[in-house]
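These are the residues of each chain, in order.
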Amino acid sequence: MTEDARAITILMAEDDPEDRMLTKEAFQEARLANELRFVEDGEELMDYLRREGKYAQPDSAPRPGLILLDLNMPKKDGREALKEIKSHPELHRIPVTVLTTSEAEEDIYRSYDMGVNSYITKPVTFEGLVDVMKTLKKYWFEIVDLPPQGREE
Amino acid sequence: MREDALSRVRNPITLLTAILALTAVVVVWLGWHAWGSYQEAKTTTEQRLRIGELRGIIVHLDEVLTMSARMAAATGDLRWEERYREFEPQLDTAIKEAMELAPEAYAGEAAAETDVANIKLVQMENRAFDLVRQGRANEAQAVLFSDEYERQKQIYAQGMTHFAEHQELHLRLGELRGIIIHLDEVLTMSARMAAATGDPQWEPRYRGYEPQLDAAIKEAIGLAHSAQAARAAAKTDAANIRLVTMENRAFDLVSQGRTDEARVVLFSDEYEEQKLVYADGMSKFATALSDAISADLKREQRGALLSISSVLLLIPFLIVGWLVVFRAVGRWETTLTENSRRLTEQAGELAELNRDLDQKVLERTRELEESDAKVRLLLSSTAEAIYGLDLDGNCTFCNPACLQALGYNDEGDVLGKNMHHLIHHTRSDGTPYPVEECRINKAFRQGVETHADDEVLWRAAGGSFPAEYWSYPMRRGSEIVGCVVTFLDITERKAAEEQLKHYAERLRASNLELEHFASVASHDLQEPLRKIQAFGDRLKAKSADALSGDGRDYLERMLDASSRMKALINDLLSYARVTTKAEPFSLVDLAEVTRRVLSDLEARIEQLGARVEVGDLPAIDADPTQMRQLLQNLIGNALKFHRDGVPPVVKIHAAAPEDKARLAGPGARPGGFCRITVEDNGIGFDERYRDRIFDPFQRLHGRGDYGGTGMGLAICRKIAERHGGSITAQSTPGKGSAFIVTLPAEQPMREAA
Numbered sequence: 001m002t003e004d005a006r007a008i009t010i011l012m013a014e015d016d017p018e019d020r021m022l023t024k025e026a027f028q029e030a031r032l033a034n035e036l037r038f039v040e041d042g043e044e045l046m047d048y049l050r051r052e053g054k055y056a057q058p059d060s061a062p063r064p065g066l067i068l069l070d071l072n073m074p075k076k077d078g079r080e081a082l083k084e085i086k087s088h089p090e091l092h093r094i095p096v097t098v099l100t101t102s103e104a105e106e107d108i109y110r111s112y113d114m115g116v117n118s119y120i121t122k123p124v125t126f127e128g129l130v131d132v133m134k135t136l137k138k139y140w141f142e143i144v145d146l147p148p149q150g151r152e153e
Numbered sequence: 001m002r003e004d005a006l007s008r009v010r011n012p013i014t015l016l017t018a019i020l021a022l023t024a025v026v027v028v029w030l031g032w033h034a035w036g037s038y039q040e041a042k043t044t045t046e047q048r049l050r051i052g053e054l055r056g057i058i059v060h061l062d063e064v065l066t067m068s069a070r071m072a073a074a075t076g077d078l079r080w081e082e083r084y085r086e087f088e089p090q091l092d093t094a095i096k097e098a099m100e101l102a103p104e105a106y107a108g109e110a111a112a113e114t115d116v117a118n119i120k121l122v123q124m125e126n127r128a129f130d131l132v133r134q135g136r137a138n139e140a141q142a143v144l145f146s147d148e149y150e151r152q153k154q155i156y157a158q159g160m161t162h163f164a165e166h167q168e169l170h171l172r173l174g175e176l177r178g179i180i181i182h183l184d185e186v187l188t189m190s191a192r193m194a195a196a197t198g199d200p201q202w203e204p205r206y207r208g209y210e211p212q213l214d215a216a217i218k219e220a221i222g223l224a225h226s227a228q229a230a231r232a233a234a235k236t237d238a239a240n241i242r243l244v245t246m247e248n249r250a251f252d253l254v255s256q257g258r259t260d261e262a263r264v265v266l267f268s269d270e271y272e273e274q275k276l277v278y279a280d281g282m283s284k285f286a287t288a289l290s291d292a293i294s295a296d297l298k299r300e301q302r303g304a305l306l307s308i309s310s311v312l313l314l315i316p317f318l319i320v321g322w323l324v325v326f327r328a329v330g331r332w333e334t335t336l337t338e339n340s341r342r343l344t345e346q347a348g349e350l351a352e353l354n355r356d357l358d359q360k361v362l363e364r365t366r367e368l369e370e371s372d373a374k375v376r377l378l379l380s381s382t383a384e385a386i387y388g389l390d391l392d393g394n395c396t397f398c399n400p401a402c403l404q405a406l407g408y409n410d411e412g413d414v415l416g417k418n419m420h421h422l423i424h425h426t427r428s429d430g431t432p433y434p435v436e437e438c439r440i441n442k443a444f445r446q447g448v449e450t451h452a453d454d455e456v457l458w459r460a461a462g463g464s465f466p467a468e469y470w471s472y473p474m475r476r477g478s479e480i481v482g483c484v485v486t487f488l489d490i491t492e493r494k495a496a497e498e499q500l501k502h503y504a505e506r507l508r509a510s511n512l513e514l515e516h517f518a519s520v521a522s523h524d525l526q527e528p529l530r531k532i533q534a535f536g537d538r539l540k541a542k543s544a545d546a547l548s549g550d551g552r553d554y555l556e557r558m559l560d561a562s563s564r565m566k567a568l569i570n571d572l573l574s575y576a577r578v579t580t581k582a583e584p585f586s587l588v589d590l591a592e593v594t595r596r597v598l599s600d601l602e603a604r605i606e607q608l609g610a611r612v613e614v615g616d617l618p619a620i621d622a623d624p625t626q627m628r629q630l631l632q633n634l635i636g637n638a639l640k641f642h643r644d645g646v647p648p649v650v651k652i653h654a655a656a657p658e659d660k661a662r663l664a665g666p667g668a669r670p671g672g673f674c675r676i677t678v679e680d681n682g683i684g685f686d687e688r689y690r691d692r693i694f695d696p697f698q699r700l701h702g703r704g705d706y707g708g709t710g711m712g713l714a715i716c717r718k719i720a721e722r723h724g725g726s727i728t729a730q731s732t733p734g735k736g737s738a739f740i741v742t743l744p745a746e747q748p749m750r751e752a753a
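So the sequence lines, in the order shown, correspond to chains A and B. Counted from 1, the first sequence has number 47 at position 47 by the numbering used here; the numbering is strictly sequential. Counted from 1, the second sequence has number 218 at position 218 by the numbering used here; the numbering is strictly sequential.
Worth flagging that the hints you see were computed from the coordinates, not collected in a lab. Predicted model, so just to flag it, every value in this text is computed and none were measured. The C-beta atom is built at its ideal place from N, Cα and C for all residues, glycine as well. Take every hint as true, because none was put in to throw you off.
Partner residues are not named here, just some residues of chain A that face chain B (Cβ under 10 Å, in silico):
| id | residue |
| --- | --- |
| 1 | Asp16 |
| 2 | Asp19 |
| 3 | Asn72 |
| 4 | Thr101 |
| 5 | Pro123 |
| 6 | Val124 |
| 7 | Thr125 |
| 8 | Phe126 |
| 9 | Glu127 |
| 10 | Gly128 |
From just these sequences and the hints, can you work out the full model?
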């Protein structure tokens, strides 16, 4: 269990606004208190993580303790971003969970191949989504120990 | 030919016979001649001896006759005429004999003269005798001592010397013997005449003849070479000396006028005795001379006899020799005849054999020509280029197709040339192709067949073309004598292959595009569906209370519709993916696949209380994923379409791939087909629809009765067809159905595009 799990920022990369909305709602339904940040595509995600571009300003991009990653995104899709993240000397430590509509075996395989921490196919129903969030919360913030955040600053 | 040989054989026989006869003749002739010579020699020698003797005798007798006549004339005593008559016929006989023996001495004028002289002398002597008879002794003396008489005597003597000219030894000896005898008589006569008449003129006559006698005796001794003769001569000599002594005394007495005493001396016993001794000696001398002559004669005779004997001795040898030869020849002839006969026989056989052989040769030649023509026809008719190489790699034959392919007009341009250097010298990329690496050469030298289709051959004009070739070594017995190369210009084929590759590429690309499109499309299509579903749920969750019953109903239907759409999209995607996501064929154990499918459907099976029986299922060349899809669909259907209240019983079994006989036909595959049957005891269907059920989106029941999009069987059919197989169904409504998938056991290319 991580100390002060509530302080962890969860960063979600999702291009679909409705999906973003639904996820936020599911979050709330699941009573996750964590801050949920959104980026809309892979480029924004990398900018956020690297604190570049529009996230150049300090404090505009608090380091996430968990990344929820959609694979199909414009500009830079999740697969590329994942690759970049997991090959980055600092960023690779951040747990990444792919949350995508694609249930293609190839995507699953590739993602794990690149070092993704887990892969979740987006549930079709809202309830399903809420369940996923609850489970995520339990798993990542209550069961699992996350790497300490302090040193990376 | 045979006759010639035989006649040649006979001729020698004749020849030999002739030679034999000739030899006999020669031998006989030689013998005869030898004998004749011998005889002749003997005769001649005897003759000559006799002639000599006769000459002596004649001379002597002539002198005796003269003496007799003169004594008669001197004494008047006619007893001398008796003596004369006694000796006269002897002289005639001797002369006749001499004439017979030596006619040549008596031929010619001299002989005639001698004859005439002789007649005259006889005439005168007869006249003298007449005169003496008439008592006219003095006239008789005058006649006999006349010049005429002396002249005739000289002529006669000359005639005799002709006779004496034949100077052969034994003739001379005989002559000398005669001379000696005659001279001795003359001397005696002279002495006795002197004693009788007291006429001193007889003494010179005596003295004249005396040396002649000595000379004759000496000559005789010298010529005789015989001891015997010498001894006799010596004896004669002694007597002669005594007689000479006495005759000399008588002459002394006559010269003293004491003629009576002289007569006494010359007619004394002692004188007679000495004369006898002398005569004896003379006759012994004569014998000795004869012996010597005989000895010579005998020697000659012996010589002749020897030659005859040798000739005679030779005859039997010759005869034997000739007999042997003859016999040998006879045998030879027999052998020759035999051989000739055998030869004839064999020649006959040979001729027959030859005829057979000729016949066979003709036949074989014809066959060979035919076969040759066939081969030539084959070679010229075939489209494949064929050429032959010897161990050096030089061309030994090539067919028209070969020439054409390589762009040569004439066989001569290619025959005998080293083919690697002519047409196989460079690789397709332009690098030189050394002959040591040439695959054709390596192969046939090692006695191995070779085949290649990645090399080029070079034309006469210079360009190259891709060729596929096969090279086979040519063997005679176990020895490699060359090779045969056939090749094809595969330019077109290569082009076709290229194009095929190209098309395959494009197909692959197209498929990829399609897949991409399909997945993207499905993804993008599904996204709104998700939203509909998601917000529908949300609506239901949050505002269901706010909705009316109808409202809730509508919402439900909307949500249903959207899920159906999702299913449809998924199924469409699956259907498309039968092609786009086709995996390469590999050996798939259908039993294993079935096990997995059943494992996946475990929950359903249990839930339905279904019984599934799985028979022996083979392993076939197939796409593993698609086989799974196929079986999942079929078994799923079997479970889904069960009869109410009847637990489904599903049987899955297969007919063996060996069952080719029943399944052979167009499209028959090498390994045959296997039939997999999935049968159930479900609701079944009207067989009217058995083809329609495999069409996409075809359903035989309302959407509400049994779930599903109607794509399941369409996907199954697509999978079966992709594998080169087929699917069919049988059913009895209310009883059950059987779905039969026929799939090839082997796929030609395990890697599908």
